[in-house]
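Asks: Sequence:
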Amino acid sequence: MTRLLVTGGAGFIGSNFVHHVLENTDHEVTVLDKLTYAGNLASLDGLPENRFTFVKGDIADAELVDELFPTVDAVVHYAAESHNDNSLDNPRPFLDTNIIGTYTLLEAARRHDTRLHHISTDEVYGDLELDDPARFTEQTPYNPSSPYSSTKAGSDLLVRAWVRSFGVRATISNCSNNYGPYQHIEKFIPRQITNVIRGIRPKLYGAGENVRDWIHADDHSSAVLRILDAGVIGETYLIGADGEKNNKDVVELILTLMGQDAGAYDHVTDRAGHDLRYAIDWTKLRDELGWQPKYRDFEAGMAATIDWYRAHEDWWAPAKDGVEAFYASKGQ
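Take 1 as the starting number for the sequence shown in the working numbering and just add one per residue.
Source of the hints: derived by calculation from the structure; they are not laboratory data. What you are looking at is a predicted structure, and each value in this text was computed from that prediction instead of being measured. Check each hint, because a few of them may be wrong.
[What the hints assert, rightly or not] Quick list of in silico lysine to aspartate or glutamate cross-link-like pairs, DMTMM-like style, CA-CA up to 25 Å:
(1) K284 <-> E244
(2) K284 <-> D261
(3) K330 <-> E186
(4) K248 <-> D266
(5) K187 <-> E244
(6) K187 <-> E252
(7) K203 <-> E49
(8) K187 <-> D26
(9) K294 <-> D26
(10) K56 <-> E186
(11) K330 <-> D89
(12) K34 <-> D73
(13) K284 <-> D242
(14) K203 <-> D270
(15) K56 <-> D132
(16) K320 <-> D242
(17) K187 <-> D113
(18) K320 <-> D270
Work out the full structure: start from the sequences and follow the hints.
Replies: Below, the structure is given as structure tokens:
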């Protein structure tokens with residue numbers, strides 16, 4: 001049995017990982033989460049009390065982190081400020097959490113010789129042209145576009161430096177865009193789904209030609225668990241599922257699956273510095289660690305995600321009005 005500390009485990013991707021681990025292994029999990037607006041304890045409802053512990057706290061709190069590390073065998077670091085629009089509005093929290101928080105965890109891993117896996121994003125690589133056949137690989141140079149992606153790039157570089165300089169036992173994964181249950185409704189897919197549920201027309205940035213490489217959160221979770229079990233210390237692994245779709249097609253699919261006219265959405269002012277296209281080459285993860293995604297049918301995965309949001313309005317409704325007020329103030 002392995003004892004895992006999962007930072008940011010009350011957030012979207014972190015909570016999906018916690019559920020995946022507790023449902024598919026005999027590991028014990030402790031979640032450390034600050035419970036900012038993006039963290040929700042309801043995302044952790046129903047977990048087995050004998051194998052799950054929750055600790056409210058900040059990953060930048062060195063004293064608390066130092067108390068927790070000796071109680072676990074490995075740390076999976078999801079905690080991050082992650083919303084691009086918020087980073088453009090107020091970058092400072094992204095520095096505090098993504099840079100200082102990661103530094104604090106690395107120092108604890110160094111002191112206690114604790115295995116650490118760092119969760120990152122494909123956005124550190126910048127973007128690709130829409131007609132470029134290339135995909136991001138582990139060798140793609142970093143070229144971040146926003147305060148969010150630049151602080152995630154910085155945190156990745158800190159991990160690499162602590163591995164090389166101090167022998168910290170760490171790995172990194174950079175994943176494409178996730179979708180699935182428990183995603184905050186400020187994000188693209190759940191915002192559009194909950195808009196339709198509420199009778200609000202979905203909103204599409206610009207012409208909607210921007211392409212994202214979508215992966216179901218449960219596939220992300222299984223990949224992280226595989227890296228934690230078999231990944232080579234110091235290595236970076238890209239996680240994807242060949243799910244490239246442009247935003248226009250995604251909105252139209254959501255509307256169609258929800259019984260609406262596919263064109264029943266509004267174009268709004270594009271985001272500043274909006275990356276054109278992300279695409280992940282996950283060959284290394286497949287060939288070296290033998291991992292494969294389970295959810296290859298995007299339409300079926302989207303239908304299941306829509307069903308989840310329809311069935312869990314009590315989970316997302318408290319945040320909905322505030323999110324829409326924020327976007328309305330920006331004409332979006």
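Asks: A separate judgement is required for each hint: does it hold in the structure or not?
Replies: To see whether the hints hold, each was checked on the structure:
| no. | hint | verdict |
| --- | --- | --- |
| 1 | K284 <-> E244 | holds, 19 Å |
| 2 | K284 <-> D261 | violated, 41 Å |
| 3 | K330 <-> E186 | holds, 14 Å |
| 4 | K248 <-> D266 | holds, 11 Å |
| 5 | K187 <-> E244 | holds, 17 Å |
| 6 | K187 <-> E252 | holds, 16 Å |
| 7 | K203 <-> E49 | violated, 40 Å |
| 8 | K187 <-> D26 | violated, 32 Å |
| 9 | K294 <-> D26 | holds, 21 Å |
| 10 | K56 <-> E186 | holds, 23 Å |
| 11 | K330 <-> D89 | holds, 10 Å |
| 12 | K34 <-> D73 | holds, 21 Å |
| 13 | K284 <-> D242 | holds, 14 Å |
| 14 | K203 <-> D270 | holds, 10 Å |
| 15 | K56 <-> D132 | violated, 44 Å |
| 16 | K320 <-> D242 | violated, 31 Å |
| 17 | K187 <-> D113 | violated, 36 Å |
| 18 | K320 <-> D270 | holds, 21 Å |
Of the hints listed earlier, those the structure fails to meet are numbers 2, 7, 8, 15, 16 and 17, in rising order.
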